[in-house]
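Participant: Those protein sequences? They're chains A and B, same order as listed.
Residue numbers for the first sequence follow the working numbering, so the first one is 194 and each next one is one higher.
Residue numbers for the second sequence follow the working numbering, so the first one is 190 and each next one is one higher.
Read the hints as simulated data drawn from the structure, not as lab findings.
A quick note: this is a predicted structure, and the numbers were derived from the prediction, not measured.
Note that CB positions come from ideal geometry on N, CA and C, so glycine has one too.
It is possible that part of the hints are untrue.
Computed far set for chain A versus chain B, every beta-carbon distance over 10 Å [said to hold, decoys possible]: (1) Ala220; (2) Glu221; (3) Leu227; (4) Met234; (5) Thr235; (6) His278; (7) Ile282; (8) Gln295; (9) Leu298; (10) Glu307; (11) Gln311; (12) Asn312; (13) Glu318; (14) Leu321.
Using 27 Å as the maximum straight-line C-alpha spacing, the simulated BS3-like pairs for lysine-lysine come out as follows [as the list claims (entries may be wrong)]: (15) B:Lys204 / B:Lys274; (16) A:Lys195 / B:Lys274; (17) B:Lys263 / A:Lys238; (18) A:Lys238 / B:Lys274.
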Amino acid sequence: MKFPLRVVSVERSLFEGDVEFIIATGAEGELGVLARHAPLMTILKPGPLRIQETYGGPEETLFVGGGFLEVLPERVTVLADVAEHAGEISVDAAEEARRRAQERLAGTLTAAEETEFQNALAMAEARLRLARARRG
Amino acid sequence: MPAFRDIVRRIDSIKNTQKITKAMQVVAATRLRRAQAAVQATRPYADKMVEVLQTVSERATEYKHPFLIRREGKRAVMILVTTDKGLAGAINVNNIRTATRYMSQNFPEQQRYVTLGRKGRDFLLRYRRDVIAEVSNLPDRPSQGQVLPAVTVALEEYAKGNVDAVLLCYAKWISTIRQEPTVRVLIPAEIPARERDQGQSAGPRADYIYEPDPESVLDGLLPRYVETQVFQAVLENKASEYSAKMIAMQNATTAAGDLIDSLTLYANKVRQAGITTELMEIVSGAAAQEGSS
Chain A
194 MKFPLRVVSV
204 ERSLFEGDVE
214 FIIATGAEGE
224 LGVLARHAPL
234 MTILKPGPLR
244 IQETYGGPEE
254 TLFVGGGFLE
264 VLPERVTVLA
274 DVAEHAGEIS
284 VDAAEEARRR
294 AQERLAGTLT
304 AAEETEFQNA
314 LAMAEARLRL
324 ARARRG
Chain B
190 MPAFRDIVRR
200 IDSIKNTQKI
210 TKAMQVVAAT
220 RLRRAQAAVQ
230 ATRPYADKMV
240 EVLQTVSERA
250 TEYKHPFLIR
260 REGKRAVMIL
270 VTTDKGLAGA
280 INVNNIRTAT
290 RYMSQNFPEQ
300 QRYVTLGRKG
310 RDFLLRYRRD
320 VIAEVSNLPD
330 RPSQGQVLPA
340 VTVALEEYAK
350 GNVDAVLLCY
360 AKWISTIRQE
370 PTVRVLIPAE
380 IPARERDQGQ
390 SAGPRADYIY
400 EPDPESVLDG
410 LLPRYVETQV
420 FQAVLENKAS
430 EYSAKMIAMQ
440 NATTAAGDLI
450 DSLTLYANKV
460 RQAGITTELM
470 EIVSGAAAQE
480 GSS
């Protein structure tokens, strides 16, 4: 059974269509959503969003840099802070971002900065993992 | 009387100016279309965000996020959106005037500013206003990451209790010939009421399972809601900027045309006057010759 899915970031809409299964990176770990899932609202951590148009079929992967996932009986929405198609990820930029974040985290930081760079680091690492997995 | 050649030279120079203004008008029109598309692209996210906020705030009723609490004080920080470049009519003057007037009327105790755009920053600094953060030289299609730092500074001021409200001023795009400076209250945040007659979504909504919990979700959503509003304002201001620029350049092109017409007429008169004078000299010369012989 299919359900309508919409993935939007602030800058654009990335996906709109009927799908059977998605796997997202929630605050409490990975979670899969099939049709007739209970209504759910969760914070997303930086990580991949895997979309299967038919269950077990070919997968489309998006990178989601944190955001929210809303599951309603009639539709599912992903509000992404940042999002890109897996093919758009720049490995060089991600590596550079990771290096910078690690450098900053090595120094002394305020609590707010600490969270900021931890988040930046998590995003860079999630991007890299996704890009590597794609290359196989 | 100026020489005929000088007037022709002036006409040529105005023609060059006219070519430039004409080109700028065309460029502005193209960019306007692109800016409008960018504004459109943020709509789904913003609409969805409001919808989710409505549902969440209906659930987490006992929890009051600081952004939703009204404070009594008269101190505020204004996020002022302006353009980076000039030649765009009165758009910046209108924005700045509206923002500063609103601030001094409603928040007499303390006024701070965060500027997005060079023109607003330069103006406020010249008048020694308190500018606490600024971002300028934003590209035509900025990413949210470029706008964010300015917003974060404003939100932090509020969180620290240094100000009692956060406002936003930008040029709302109404039509190609009309842009309106608009002030919006970002904090205390007001979540727009749900439209009642929506058919399917009317009535009580299915309750969510929250991960990790409603409070954290609301904590995450509200700052993003504010950020989105600012981001949209920046994009909309871009659309307004190019509209205003297009009209300003159109007026300049027309004015140059009028000037060319009247100068051409004047040039012809000068040339004709020259011919007439010469003729008169010849005729009177000839008459004098005849008289003497």
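Participant: Just double-check glutamine 295 (chain A) for me: nearest Cβ-Cβ distance to chain B has to come out over 10 Å.
Facilitator: 20 Å, holds
Participant: Is the Cα-Cα distance between lysine 195 (chain A) and lysine 274 (chain B) 27 Å or less?
Facilitator: Roughly 50 Å separates the two Cα atoms, so the pair is violated.
Participant: Beyond 10 Å on every Cβ pair: is that true for isoleucine 282 (chain A) relative to chain B?
Facilitator: 15 Å, holds
Participant: Is the nearest CB of chain B more than 10 Å from the CB of glutamine 311 (chain A)?
Facilitator: About 16 Å separates glutamine 311 (chain A) from the closest Cβ of chain B, which puts it past 10 Å; holds.
Participant: Is the nearest CB of chain B more than 10 Å from the CB of leucine 298 (chain A)?
Facilitator: 19 Å, holds
Participant: With a cut-off of 27 Å on the C-alpha distance, tell me whether lysine 238 (chain A) and lysine 274 (chain B) pass.
Facilitator: 39 Å, violated
Participant: Would you say glutamate 307 (chain A) is clear of chain B, with no C-beta pair closer than or equal to 10 Å?
Facilitator: Correct as stated: the minimum Cβ-Cβ distance to chain B is 15 Å, above 10 Å.
Participant: Going by Cβ atoms, does histidine 278 (chain A) stay more than 10 Å from chain B at every point?
Facilitator: 16 Å, holds
Participant: If we take the beta carbon of alanine 220 (chain A), is the closest beta carbon in chain B still more than 10 Å away?
Facilitator: 5 Å, violated
Participant: Take a quick look at leucine 227 (chain A) and tell me if its Cβ sits farther than 10 Å from every Cβ on chain B, holds or violated.
Facilitator: 15 Å, holds
Participant: Taking the shortest Cβ-to-Cβ distance between glutamate 221 (chain A) and chain B, state whether it exceeds 10 Å.
Facilitator: Nearest chain B Cβ is 5 Å from glutamate 221 (chain A), so the label is violated.
Participant: Once the closest CB in chain B is found, is it more than 10 Å from methionine 234 (chain A)?
Facilitator: Methionine 234 (chain A) is in fact no farther than 10 Å from some Cβ atom of chain B, at 4 Å.
Of the numbered hints stated above, those contradicted by the structure are hints 1, 2, 4, 5, 16, 17, 18, listed in ascending order.
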